[in-house]
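Undergrad: What follows is each chain in one-letter form.
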Amino acid sequence: MLHIYCPYCGENRDQDEFKAKGEAHISRPLDPMGCTDQQWGDYMFFRKNPRGVHHEMWYHVAGCRKFFNMTRDTVTYRIYETYKMGEQPSVTAESLAGGQS
Amino acid sequence: MQRFSGFGLAKHALSHHENWQRMWRNPTPKKEYDVIIVGGGGHGLATAYYLAKEHGITNVAVIEKGWLGGGNTARNTTIVRSNYLWDEAAHLYEHSMKLWEGLSQDLNYNVMFSSRGVYHLCHTLHDLREGERLVHANLLNGIPNEMLDKDQVAREIPALNCGKNARYPVMGATVQRRGGVARHDAVAWGFARGADALGVDLIQQTEVIGFRQSNGVIEGVETTRGFIAAPVVGCVTAGNSGVMAQQAGFRLPLESHPLQALVSEPIKPVLDCVVMSNHVHGYVSQSDKGDLVIGAGIDGYNGYGQRGSYNTIEHTLSAIVEMFPVFSRVRMNRQWGGIVDTCPDACPIISATPVKGLFFNCGWGTGGFKATPGSGNVFAATLAKREAHPLAKPFSMDRFYSGALIDEHGAAGVAH
Ligand SMILES: Cc1cc2nc3c(=O)[nH]c(=O)nc-3n(C[C@H](O)[C@H](O)[C@H](O)COP(=O)(O)OP(=O)(O)OC[C@H]3O[C@@H](n4cnc5c(N)ncnc54)[C@H](O)[C@@H]3O)c2cc1C
Ligand SMILES: [Zn+2]
Chain A
1 MLHIYCPYCG ENRDQDEFKA KGEAHISRPL DPMGCTDQQW GDYMFFRKNP
51 RGVHHEMWYH VAGCRKFFNM TRDTVTYRIY ETYKMGEQPS VTAESLAGGQ
101 S
Chain B
1 MQRFSGFGLA KHALSHHENW QRMWRNPTPK KEYDVIIVGG GGHGLATAYY
51 LAKEHGITNV AVIEKGWLGG GNTARNTTIV RSNYLWDEAA HLYEHSMKLW
101 EGLSQDLNYN VMFSSRGVYH LCHTLHDLRE GERLVHANLL NGIPNEMLDK
151 DQVAREIPAL NCGKNARYPV MGATVQRRGG VARHDAVAWG FARGADALGV
201 DLIQQTEVIG FRQSNGVIEG VETTRGFIAA PVVGCVTAGN SGVMAQQAGF
251 RLPLESHPLQ ALVSEPIKPV LDCVVMSNHV HGYVSQSDKG DLVIGAGIDG
301 YNGYGQRGSY NTIEHTLSAI VEMFPVFSRV RMNRQWGGIV DTCPDACPII
351 SATPVKGLFF NCGWGTGGFK ATPGSGNVFA ATLAKREAHP LAKPFSMDRF
401 YSGALIDEHG AAGVAH
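Chains as they are written, first to last, in full-length UniProt numbering: chain A, 1 to 101; chain B, 1 to 416.
FYI, nobody ran anything at the bench for these hints, they're computed from the structure.
Take these hints with a grain of salt, some might be off.
Ranges between beta-carbon positions, derived for each pair [said to hold, decoys possible]:
(1) B:E265 <-> A:Y43: 42 to 50 Å
(2) A:L96 <-> B:K268: 48 to 56 Å
(3) A:I26 <-> B:R212: 30 to 38 Å
Remember, predicted model here, so these are calculated numbers, not experimental data.
Backbone N, C-alpha and C fix where the C-beta goes; we use that ideal spot for every residue, glycine too.
Put together the whole structure using the sequences plus the hints.
TA: Structure, rendered in structure tokens:
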């Protein structure tokens, strides 16, 4: 069972209060009508789905009802950090490979 | 291949069953094959079997990183049915259902396919309308499916709580009587034995770690035992498909999630059919050994650890007890997870890829066991002719660009 720190509530809460919402940092095309089918399909459906470090959105559905981001390992399920919408992760696959933790 | 029969059983009893032939060889990989299948689950093994049997292509290797059928094939709740809503999906799953019906004879291997009936409960007016719609869509496609009212359901499934005091009272159900369960391991082993007998090399404990290509054309696979060449490669790696696509240089519209199942201690026969409920989200059947086989929902997060969350188990069991209060004191024996490759429209991807000669068969997500023979059959034809089998055509990954999705979230409602 995961213990998740909501960056808005500022507390660790039980996994049951949250919903996972998939890959983070996907931005909606600014000019949807100008997209090719390829670009629109990529935006809508295609995902990174990595084995290892993943940046993903979570929703504190039974709490403050805010979306936030998380850096988590998809194999060990270890949570490295949670951060607010609009912020960038401080832990990445590259930074971990570079020996920082 | 040594054929199995009742007579053989008696004969081998005389030598204490010590002289049975091994079911398949354990060959060293050749340098080159006509076709390489990556992934020795049910779908990969079925593909190899039908390639050899129906297309005469026998210089084939199946490369499996663990052991045959140790992935989702070994981890699923074995529900088999073909009552999908949309024409494309219904035809594909029905193709598979027809193969199930003669599979034990075809393979000379008892896959224990048991048409014990699959019930989908309806708990709301909306459920009833969706059920009616599904039944009629199926009938138009020539796939028998029936709608039952509450009294019929109560008569046919005595252990089910059909009382009006249930939190979500049962109002009716659809039933596909040809549906049922099969023995998962036997399906993998039967296909493996059949493929091996036709000359296919089954190579276990060998992981594919890369695809060698030149100018966008496949040349073979890099493995933990070196390079193996082939002009055609079919990748059938279920939950690991996203990682495989990344190795080949493209992305798939897939996300991998843990999906759990659990079995109880064995009890006396109490449930002779498969019961599923989209509304409270639970599904259960009873195995021949007597244990209740219970499937959970997926964990919402992406995950590759073959285990899931305890709260998912808790939700599942509360749904089961809601449906079957008599199970409330049954103890659970074992619980495990598999990694399922879920697709946005809850349908598989059987497709050519940006790499010429490399094909993928994946995205079966939570419900591909039932498709094992059909998936292998159409994928074999696709690999043999290097163009999509007519039943596979609508399942190309191009649909995520054209918009021609096949939205089976309704019929696939619960994870099965
Ligand atoms: C808990 C659970 C319950 C389910 N219940 C049902 C159900 O009731 N009915 C139903 O129809 N479906 C069900 N499913 C879904 C079903 O199990 C799958 O869709 C189906 O078994 C997939 O078969 P497969 O052969 O494609 O995959 P798998 O059996 O997973 O085979 C893929 C193989 O590829 C191998 N592999 C992966 N990467 C590599 C590599 N790099 N090199 C070499 N080998 C590799 C793996 O080791 C694995 O053996 C369930 C799944 C789960 C997890
Ligand atoms: Zn919060």
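Undergrad: Hint by hint, note whether the structure agrees.
TA: Each hint, compared with the structure:
Taken as a hint, the range 42 to 50 Å holds for the pair E265 of chain B and Y43 of chain A, whose Cβ atoms sit roughly 49 Å apart. Between L96 of chain A and K268 of chain B the Cβ separation comes to about 53 Å, which falls inside the hinted range of 48 to 56 Å. At about 31 Å, the beta-carbon gap between I26 of chain A and R212 of chain B stays in the expected band of 30 to 38 Å.
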